[in-house]
Structures are given as structure tokens and as C-alpha cells.
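There are 2 protein chains.
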Amino acid sequence: MTGTAEKPRARSHPRNSTALNISLDYTFDGLTGWRQFRVLRPCRGIYHDIRRRLPYYSSDITDAFTYRTIASTVRMYFVNLLPALAYTLDMNRRTGGSYGVNESLFSSALAAMVFSTIGAQPLTIVGITGLISLFNYTIYDIIKIYDVSLYARFMCWTAIWAAIWHWLVAIWNLCDYMRYITDFSSETFGMYVGIIYMIKGVEELVSLFDSYGSVDGYLSCVIAILYFGTVYTLEKIGNGVLAKPWARGFLADYAYPISTLFWVGFAHISGTLKRANISTLPISRAFYPTQPRDWLIDFWTLDVKWIFIAMPFGFLVMLLFYYDHNVSSLTAQAKQYPLKKPGGFHWDFFLLGCTTFIAGIVGIPLPNGLVPQAPVHTDSLTIYETDLQVIATEEGEGNEIRRPIVKASKVVEQRISHFLMGLAIIGTMTGPLLIVLHTMPRAIFCGVFFIVGWGSIENNGITQKLIFLFSERRFIQKGEPLLQIRRRKIWLYLFCQILGVALPVAISQTIAAIGFPVLVCLLIPFRWQLMPKFFLVKELEVMDDLTATNKVVLASLGGAPKLPDSSTADEYGLERRFSERRSGILRQRAGSYHR
Amino acid sequence: MTGTAEKPRARSHPRNSTALNISLDYTFDGLTGWRQFRVLRPCRGIYHDIRRRLPYYSSDITDAFTYRTIASTVRMYFVNLLPALAYTLDMNRRTGGSYGVNESLFSSALAAMVFSTIGAQPLTIVGITGLISLFNYTIYDIIKIYDVSLYARFMCWTAIWAAIWHWLVAIWNLCDYMRYITDFSSETFGMYVGIIYMIKGVEELVSLFDSYGSVDGYLSCVIAILYFGTVYTLEKIGNGVLAKPWARGFLADYAYPISTLFWVGFAHISGTLKRANISTLPISRAFYPTQPRDWLIDFWTLDVKWIFIAMPFGFLVMLLFYYDHNVSSLTAQAKQYPLKKPGGFHWDFFLLGCTTFIAGIVGIPLPNGLVPQAPVHTDSLTIYETDLQVIATEEGEGNEIRRPIVKASKVVEQRISHFLMGLAIIGTMTGPLLIVLHTMPRAIFCGVFFIVGWGSIENNGITQKLIFLFSERRFIQKGEPLLQIRRRKIWLYLFCQILGVALPVAISQTIAAIGFPVLVCLLIPFRWQLMPKFFLVKELEVMDDLTATNKVVLASLGGAPKLPDSSTADEYGLERRFSERRSGILRQRAGSYHR
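Chains A and B, in that order, give the protein sequences.
Residue 145 in this note's numbering sits at position 145 of the first sequence, and the numbers go up by one each step.
Residue 1147 in this note's numbering sits at position 552 of the second sequence, and the numbers go up by one each step.
Bear in mind the hints are in silico, worked out from the structure with no lab data behind them.
Please note: incorrect hints may appear among the correct ones.
[As the list claims (entries may be wrong)] So the derived list for chain A, only partly shown, Cβ under 8 Å to chain B, looks like this: (1) Phe209; (2) Tyr218; (3) Cys221; (4) Ile225; (5) Thr393; (6) Ile401; (7) Phe470; (8) Phe475; (9) Gln477; (10) Lys478; (11) Leu482.
[As the list claims (entries may be wrong)] Simulated crosslink set (DSS-like; lysine-lysine; CA at most 30 Å straight-line): (12) A/Lys478 <-> B/Lys869; (13) A/Lys562 <-> A/Lys538; (14) B/Lys1002 <-> A/Lys465; (15) A/Lys562 <-> A/Lys533; (16) B/Lys831 <-> A/Lys538; (17) B/Lys869 <-> A/Lys274; (18) A/Lys236 <-> B/Lys831; (19) B/Lys831 <-> B/Lys1002; (20) A/Lys305 <-> A/Lys144; (21) A/Lys465 <-> B/Lys831; (22) A/Lys410 <-> A/Lys489; (23) B/Lys1073 <-> B/Lys831.
[As the list claims (entries may be wrong)] If you want the footprint, here are the derived chain B segments under chain A, 3+ residues with CB under 8 Å: (24) 832-842; (25) 1071-1079.
Ideal Cβ positions, reconstructed from N, Cα and C, are used throughout, including at glycine.
With the rest of the complex left out, here is chain A (with noise of 0.2 Å):
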């Protein structure tokens, strides 16, 4: 074999296939009149998506019978279930326990429920996030100051209150406005998450130290580093060349099943370790709240007074979900996937407002786009290929270089994977298997904390620019497009970002985290109206890219945006293309974020 036996195409992904055969008929660009703004043509938005998804809802369902849809149900079960309960357990410490495990399943099954039956995008996994629960322990601090008993009902009306703004922002078709997300933001957002994650990870383990002693707080430290190291060897393992690819999938696949069992089993050998009598997750009765009240929350007893302070709180929610929904949802239909199936985020957007009015009246945390988590769904069900890259250099034949390419060819599209584990929720709901979830140390939610969190650092765009300008310069290939800029420019785009996630960590340790939606979305304007001042458009388009770009994304969110002079989509993300053809596409690592 002589020459470059499969030369690697120079862009996989579909952004400029032609061949998919999706109705743009749904756009606010080039009309005029009254017809331009989007407040004036309410249900626009929703109307497309039902008519462009609707179509495809049998084949949701035909399309599932692979094997894919059964390890994609299995892996997502563990990958949403494990880091909900980790928030649960932070949550529950910071709201005095009006948050336990029941609520935490009954709104992961609900999302589940809603999300894959008659959501418009069923690859998004919806849940508990990080977020919400800094969020709500926030709230409760604030209440806290002044009536703690009205927390359980602010909450309520809090809830109520997002859920009108997220009808309000789906019906005026708002949601457009997330094609102009870039990764600037969509980078500074995931290492925000990251850096948030790895905190509560070290605050849950000091926090057993308080509540159970050093033995369970040592104990539990050796099992989360233990745990983190398990899943992160496993899922390298999963991705590299060694074993057969079918024993290497079944790794990646199933790392979180197999390195839970194995590290709650350890936690449960006689003599020494069980002696110690690690603390473990928390349940009270089955399908009950863990307060003793009614699902049903009283909100129609709490004072007017109150009723509208809720409302910014409820605008907050809003906003938080505004981004990270939709961002989790464009990370899931991320342009590395083939997909054909178009999503639909205005519908799915009012859906996430209706599953917030139900969650706020019965008092449970309010679930949205799982960001880390999203990708991953995905990427359960896509069909990888390794492929064999020989690059023939100058000196032979013997000295060829051999490297794996990985190629996404098919995803799996389809509703079942997110069904069944949605079932599989509820059936953790009931008695015995609650009883189950009570043998799993509290260590091993630490080491999720971790997992998931070093995951969104790890491969986040920020260390990656990072380690190209700590690089020894002579290392670096002469086509990496970051060469083109000049090192300061790098810089101040990387002193820009991580500019945007210090503000929101640095808050986050007091009341005033509540505000960190705020920070998060206006980095978007920011990123439009301010840095080109600052940066050529050439420097723009090596270094950012465009986060929604899949044509079945644009679809829904009313065509590409409206970029600057001398400036079109195709021209973004040089960065991110030159390391896909050198090394393909990285598989999405659970937790890993987003390329």
C-alpha cells in the first residue's frame, strides 16, 4: 500500500450537504413591513417546528430496533441519573431537605416522559443540573433572611412565573436568536459548568467530613478519586486502539455502569470498609415527598408581596434556561453528528415552560437541557467507524504513519432510547430499587461531581488554546490554523473568556449567584457588538465558531445568521476542522463538552 490509502475528506459533516431535504419556508430574514418582527407573528416558530418534525414521528419509532437503542438506554440511565442524584445531595444539604431523591427522580422521569413522547428534538435529555440546584439553594439562602417557611412557595412561584416568560419567549419566536451563539460563549459556559462541578465535588466531600467523621470523609475520598480514575481509564480505554472494536464500544459504552458497581460493591466488603459504615445516599418512602406534605404545593397562600418578587427570580430561571437548554439542544444536533431529523426549539422550548409550571406546583427541581449530558445521548446512538489513516512520508514504505480516524457514519434517530430510560426512572421510583440506590456511598456521587466536571474541562476550547500557546513553538504543525494570529490576539480572546467564567465562579459563593444567568447571556452580545472592535474578522473565524450550524438546527431557528461583511459560515471554525482532519471526530466522552 503505497500513498495515503483513504485520504480523509476534508469536512465529514454535513454542513454543506445539500441532499437533506428540509423546508426552510420558516425564516424572518429579507421580509419587511410588519412582517419582520417577530413579536407580531406569534406561534410562528412553533407552528414550523410541529409541521417540519411531525412527519418523522412514526420512523421515531420504526428506527429504533438496533442494538444502539439499548446501550444508548442503558449508558444515558446512569449518565443522567447519577450526577441528578449528586445534585440532589447538594441540594438537599442547602435547602434545610426540601429537595430529596423523590423529587429529583419524579422531575427527571416527567422530562423524560414529556421530552421523548412529544418533544420535537427527543435527542435532548432533560433533567437536574448543577444550575438549578446552585439556583435553588441561592433562593433559599435569600429567603432564609427573611421567612424560611415561604420557600417551598416562592419556589412555586418562581416556577410559575419562568414558566409564563418561556411561553412568552416561544411564542414570539425568540429562540431565532440562538443561531448568533458562538463557541466563545458556549466554551466559557462549559468551563463555567466544569469549574462549578469540581467545586461541589470537594464541598460534598468535606461536607461528610462535618456530618460523619473523618473516617467516611477519608474513606469517601479515596473511593471518589478511585471512582474518577475508573471511569476515566475506561472511557480512554474506549477510545484508543487497543482490543477489538467491539470490546473497546463495549468500554465506552458501559464505563459508568461497570466502575458503579464495582466501587459501590467495594464500598461493601466485610472487615475494614464495612466496618467504616460509609454514609450513604438518603431515601424516605417510596413515591412520597421527603417533607412530610402533599405534592401539591399551597401556592395560592402566599402574599401577594411575595407573589411578584418572584417574578424577576422566575425572569432569571428564564434566562438560565434560555441558554442552557438551548445550548445543551445544539450541542445534542452538534454538526460532528449526521443527523437527518430536523429538531424544533421553539416547541421544545415551550414544552421545557410546561414542564416547569408542573414541576413548580408539586415542589420539584425544575429540569432542563442537560448540558454535559446532551452530546452524550447522541453520541450513544451514533455509529462510529475507525478508520485507518496511512500517511505516506518520504522516507519509505516501513516508515508510514498509521493513525485510527474516527468517522461518525449514521446516528440513530429515534425516540425509544429516551423513552425507555425515562421508564427505567420511574421504575427506580418504587421501594425495592430505592433501597438499591440507599447501598451506593455518597463517595461515588463526589467522584461523578469530578468525572463530569473534568470532562467539560478537559477538552473545553479554553485548554486547548491554552496548551497551543504553552506549546513549544517548533512542535506545532505548520497548516494549525492558530498560527495565522499573532499570540496576543490568542491571548486577549483567552483573557476574554476566562474573563466570563471567574465573574459567575466568583459569585457563585454568595447570594449574588443568582445573576449568573445574566453574565452568561450577555456574553452573546458581547461577543457581536464589542470584539470585533477589538479583533479582525480573520481572527473571529480562526478562533470561534459557530455552534449552530447542522442545517437541521437552522431550520428551526430561522436560517443562518447575519454575519459581518466579508464573512459566511463556511469560513468559521478553521481551528476546529484542521484538528477533525488530523484526528477525526473526538467521541463525546461522558461529560466531555462538546468537541
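Position chain B relative to chain A; hints supplied.
For chain B alone, coordinates are given in the frame of chain A:
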């Protein structure tokens, strides 16, 4: 830049070089009559060793005035001292407190002083190994069956007999047979040592649970794991392409000191950590034996029966040191280091007899060559240059592949770093510094066991061949020499090595452990007499390599070994050379074994 800018030379080490002016007039090859018998010409090897090396003595001092000497002194101080103390903890616990920190420091200092001043090869670091610890406590277990009060005197006589055997071997020129040692046995030995160390680390942690309770135990687990992770990561960064070369070099040089200072400090942070009151290194009054006794053992009071029972034990010690010390000396002078000054195996082995004698009569652990650490000394004195290898591909300029190739350009061959390290150890024996040692948690030493042991396992040829066998075939370079051999032959070769590891590991927990030097030494005749019956010469040439190939080494061993027909020394080690050509010389990570 087109084409290969800097083609890597096929072999950069001086195996083929004829520039060195080392006299080769010491050999027994080609002689006839009584002259061919080594035993009949006593001291011939020692005489030539001294004659060959003495002219370099003054340059051994004058060559030392460079920064590398300082970096090497600091690095070796930690790399020598920490494992020695780790083995001491193990030995102390399992010999009823016969050996403490003072004995170990005395032994290390004695060896350093003798070998740095009058040793033929001052690069070989001599000190306390894990195997002598295994030896000492196994004898303790045996003596305990009869009368434990005999132990000190019995060990003394074992050492005296061992010293006599050493002197005989040195005088009869028997070190010559070391030239037949190949990677087959040294890899097996390295893997055995690595596994024993890992086991010792775990045993030490378990013993903390038994002696000090669960808080101490679990905290120690945390510190040991994180200490391991810190040293490992720092050394990985030191060998990468991040940061400036001097900064990387700094990390690689000081990985041990940095990690040790950090984690010792960590254990003393006030609060929960300080309250855990973690167990630390036990010390006793400076310069006095740990037991209430004089330094000189009253060996003359031992019953004659026991004196003669000690003789075979002395022989086993000699057998262990014959292999262990000489192999560590060989790896300190391995082919990848461009050494210019000759070694002297006969003289050094005679000296080792002397230190064994002295150590024996004062009742301290017997020092010998440190297998994992010996190459680290030469490594720390080597001036490495990370060159750029540009591999032009047929895809054009922007797509060349840039790889770092590490070259060893020069070794600062001198005695001063070894001597200064010895002085530092003597300094550590004084009261104030003993108290500093006392602040060190035992957990650190468990971490040392892990890092030294894992280093021996990770880069071992056995591990490399296993990775080759488990890799997916299509990603293996065509030039890979192992591809020329049938896979089942590689498996057979590995099976022999793994058996050679499993047997001594299996007996290491019983009193039969005393026999492991015999097993290890048997590997050499096994390799030359039995294996050619199952393997073609060609196959062995690819998979195996002569350990002693440096010209400066062979001068002392009586020239190159006599190989089977149709085979020359240069044809061996295809696999190693292939890997060196691709990725350059692997830096010796502290504890990494030999390749």
C-alpha cells in the same frame, strides 16, 4: 521546509563507534591451555579494571563543575533516600524492629562514600533495595522458628559469608558472564521488582489500618494515591512538549522534591488534617542503633552450627547481588547513554564484598546496586536535546508531521554528585534533620512504592509487547519488527517471561522467598540453552537484546559475548532500535526500568 529536515540517524548510541580509546587487552576469548580458565588467573579482571579506570580519576572531579551535578545531587538524594526509608518501614515492621531509620541512613551513607570515592563506576548508585528487605525479613521468619535472639548474629554471619563469596567471584573474574545477560531476563526481573513494590505499598497501607486505625489508614490512602499522581504528572509534563525546555527540565529534575514537600506540608495543614494526627516515620536517637545495642554485633558468640548454616544464605545474598548489582551497573551504563569513561565490574564487585562485610558486622541492611534508581543517576547527568523531527508527507507542506525526538548528547561523568549525595545522607543522620524526617507521613513512602513500582511496570518490555499484541493490527506501522514474527511466538516468549515473574512473586509471601535469586539467575542459562530450541535465532534477535553492549562496558567484561552462528551482536534489539528511531530515547523517569 520540504523533505525530512533532520533525518534521525539509524542508531545514535556508540555501539558501533570506534572513537573510544578503551584498551581491550582484558579478555579470555581465544586463549588456550591453562590461560583460558578464569579461576586460574585470579585478580586479572580487578587489575585491568583499575588500570583502565585510574587515568580518568582526576577528570572525574574536574568534569563536575556544571549545573547538572547540582540537579543530579538533589534528585538522587530524594530518589535514593525515599525508597530506602520506604523499605526500612517495611523491614522494621517485619523484623521486630531490627532495622530502623538510623541503620538505613548509615548503610546508604557507607555505600555512597565507598563507591563515590574508590568505585570504578561512580555512576552506579548503591543503597538499600526492596529485595534485601524481603531477604532480611524472610530470614527473620525462618530464624523465628528456632530462636529469635539469634537473628542479629545470624544476619551478621550471613553477611560475612556473602562477603567471602563476593570476593571469590571478583577474584575469579566471574563477572564476565554478565555479558550474556539479555533483556529477556532483565525485563523479567524488572517486572518482578515492580510488582513486589506495588504489593509492598499496599501492605504498608494495610498495616497502617491495623496499627493506627481507620482515620490514619484512609487518610494515608488519599495521600499515597495523590502523591503518586503528583510525581507521575510532573514527570509526564517534564517529558512532554509543553512550556520552555528549561521549565520542563526543572520539573523532571525536581518532581520528587516538589511532590514530597507539597504532600508532607499537606498532611500538616491545621484542622481536620492535623487532627487526624497521621502516623509518621519513626526515628530514634541520632547516630545510635535503633535497638539498645552497640554498633558492632557480637558475632563471635554465635554457635558454630549456626555459623555454617549461614553459609548457603550468604551464597544466596551473593547470587542476588551478582544479578542485582551488576544489572543496575549495566543499566547505569546502558547503550543509550553516550558514555566515554569505562566501568569496572570486577573491582566494584570486590568493593561490594567489602561494604557487605562492614554492613554485616555493624548490623545494618546490606547495600547493593539499586536497579530502578541506577539509570536515573546517569539520566540526571545526561544533557538531553529535544530535536524536531519533521516528516514530510505526500499531502504537501502544511501537513508535515512534527515530532519531538530526544537525543542524549553528553553525560557529565564524574564522582562529585554521588559523593555530595552521600554527604547529604550523612547530614540527614544528625539530630535536627532526623526530626525533619519524622514529620514525613508514612503514606508518602507508600506513594514512593507505587511510583517506583509502576515505573518498573509501565515501560517494561513485557508491557510493551502485551500492548503490541492487544493493539488493533491495522494501526501498527509496517516497519514494526515484531510484525516479522508469528504472533504465537511472541506469546510463547511472553509466556516464558510471565512465568519467570509469577514464580518468584508467588513464593515471595512464603519463606521460600529466600530462593528467588536462584530463580532469577536461572533465567540466563534458560535463555541461552533452552530457548533457541523453541525459537529461531532471527526471532530472538528481534524480541531480545543484549543488555551489555556499550563498548566501555564490554571492555571490563572481556569483550563481546560469543553468540550462536549466523548471529552478531549488532543484529539484536531490532525492536528497541525501531522504537528509538521513531520516538527517540526515552528519558529515564525515576523508577522506570531500563528502556
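Hints, verified against the model:
no.: 1; hint: Phe209; result: 6 Å, holds
no.: 2; hint: Tyr218; result: 3 Å, holds
no.: 3; hint: Cys221; result: 5 Å, holds
no.: 4; hint: Ile225; result: 6 Å, holds
no.: 5; hint: Thr393; result: 5 Å, holds
no.: 6; hint: Ile401; result: 6 Å, holds
no.: 7; hint: Phe470; result: 5 Å, holds
no.: 8; hint: Phe475; result: 5 Å, holds
no.: 9; hint: Gln477; result: 6 Å, holds
no.: 10; hint: Lys478; result: 5 Å, holds
no.: 11; hint: Leu482; result: 13 Å, violated
no.: 12; hint: A/Lys478 <-> B/Lys869; result: 52 Å, violated
no.: 13; hint: A/Lys562 <-> A/Lys538; result: 16 Å, holds
no.: 14; hint: B/Lys1002 <-> A/Lys465; result: 28 Å, holds
no.: 15; hint: A/Lys562 <-> A/Lys533; result: 18 Å, holds
no.: 16; hint: B/Lys831 <-> A/Lys538; result: 36 Å, violated
no.: 17; hint: B/Lys869 <-> A/Lys274; result: 25 Å, holds
no.: 18; hint: A/Lys236 <-> B/Lys831; result: 17 Å, holds
no.: 19; hint: B/Lys831 <-> B/Lys1002; result: 17 Å, holds
no.: 20; hint: A/Lys305 <-> A/Lys144; result: 16 Å, holds
no.: 21; hint: A/Lys465 <-> B/Lys831; result: 20 Å, holds
no.: 22; hint: A/Lys410 <-> A/Lys489; result: 38 Å, violated
no.: 23; hint: B/Lys1073 <-> B/Lys831; result: 28 Å, holds
no.: 24; hint: 832-842; result: holds (count 5)
no.: 25; hint: 1071-1079; result: holds (count 4)
Hint compliance for this structure: hints 11, 12, 16, 22 are broken, all remaining hints hold.
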